[in-house]
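Hey, can you work out the whole structure from these sequences and the hints?
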Amino acid sequence: MEDTFALGGRTYRSRLIVGTGKYKDFAETRRAIDASGAEMVTVAVRRVNITDPGKENLLDHVPPDRFTILPNTAGCYTAEEAIRTARLAREAGIGNLVKIEVIGDEKTLFPDVAATIEAARILVAEGFDVLPYVTDDPVACKRLEEAGCIAVMPLAAPIGSGLGIRNPYNIRIIIEQSRVPVIVDAGVGTASDAAIALELGCTAVLMNSGIAGAKDPIKMAHAMKLAVEAGRAAYEAGRMPRRLHAQASSPETGLIDLP
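My numbering applies: residue 225 is where the sequence shown begins, and numbers increase by one.
Keep in mind that the hints were calculated from the coordinates and are not lab data.
Note that the coordinates shown come from a computational prediction; the quantities given were computed from them, not determined experimentally.
Check the hints yourself; a few may be wrong.
To be verified - Cut-off 25 angstroms, straight-line C-alpha distance, at most; resulting in silico cross-link-like pairs (DSS-like, lysine-lysine):
id, residue 1, residue 2
1, 439, 279
2, 366, 246
3, 246, 443
As the list claims (entries may be wrong) - Cβ-Cβ distance ranges computed for the label pairs, FRET-style:
id, residue 1, residue 2, range
4, 382, 227, 26 to 32 angstroms
5, 382, 416, 34 to 40 angstroms
6, 442, 481, 56 to 62 angstroms
Note that beta-carbon positions come from the ideal geometry of N, C-alpha and C, so glycine has one too.
If you want it as structure tokens, here you go:
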């Protein structure tokens with residue numbers, strides 16, 4: 225059977241979600257998306273034009289009939305700002321799917337967990353399908369799931385840091401306790417980071433800087449595609465147990481007698 229997952233009433237084959245910021249132009253953005261194989265693309269509503277048809281519009285290059293557009297509230301520092309931004313995206317015809325970000329610290333860009341939960345509750349009540357960017361805190365993720373979010377998106381490391389998954393143990397706990405998809409968001413720097421996220425059992429991984437910040441974004445996008453596929457296959461296969469001591473690969477009985 226084909227390996228897929230469902231989110232917001234749609235089914236996806238690709239477990240890689242990509243962003244649209246930091247590219248030199250919209251043409252390069254589209255080339256990277258195509259190389260990644262992603263079916264869902266996230267867009268910062270306050271930073272990239274998807275609402276004004278009179279100006280160059282990302283949606284002319286990344287059409288909603290080909291990709292799922294996931295608007296996000298990047299740049300918002302209060303629950304009220306995030307809620308207004310989500311409403312703006314819906315009024316522009318993007319739909320009910322939204323990734324909410326409420327930043328609590330300007331230097332680290334860590335999320336304001338309390339404000340994120342507040343915004344999530346209000347938007348869920350208004351009929352939005354909410355995917356929240358949050359810390360790798362199992363309690364916070366559980367509260368967001370209880371608030372009605374259709375997935376949780378714990379960070380791997382600070383946004384744009386490229387540090388990879390700093391706390392795999394918390395991610396594993398979040399996966400173990402969650403009844404909704406767990407999507408690692410932020411901090412992925414290279415293909416091995418993406419593979420680890422999927423090997424841990426994450427449903428998907430979202431990234432922007434890891435691709436757009438590479439010397440060759442198109443080649444890195446393809447590398448991320450392969451890494452996500454490999455990580456998912458390894459998770460399904462089930463890794464061998466870790467052992468402190470060596471164990472012979474070949475059988476230890478029935479050895480051929482030496483002359």
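Now for the hints, and whether the structure bears them out:
1. The suggested pairing of residue 439 with residue 279 is violated, with an alpha-carbon distance near 29 angstroms, which exceeds 25 angstroms.
2. Proposed proximity of residue 366 and residue 246 is contradicted: the alpha carbons are some 32 angstroms apart, above 25 angstroms.
3. With a CA separation close to 16 angstroms, the supplied pair residue 246 and residue 443 stays within the 25 angstroms bound.
4. Residue 382 and residue 227 have their C-beta atoms about 30 angstroms apart, which keeps the hinted 26 to 32 angstroms range intact.
5. As the Cβ distance of residue 382 to residue 416 is approximately 18 angstroms, the hint placing it in 34 to 40 angstroms is violated.
6. In this structure the hint that residue 442 and residue 481 lie 56 to 62 angstroms apart at CB holds, the actual value being about 58 angstroms.
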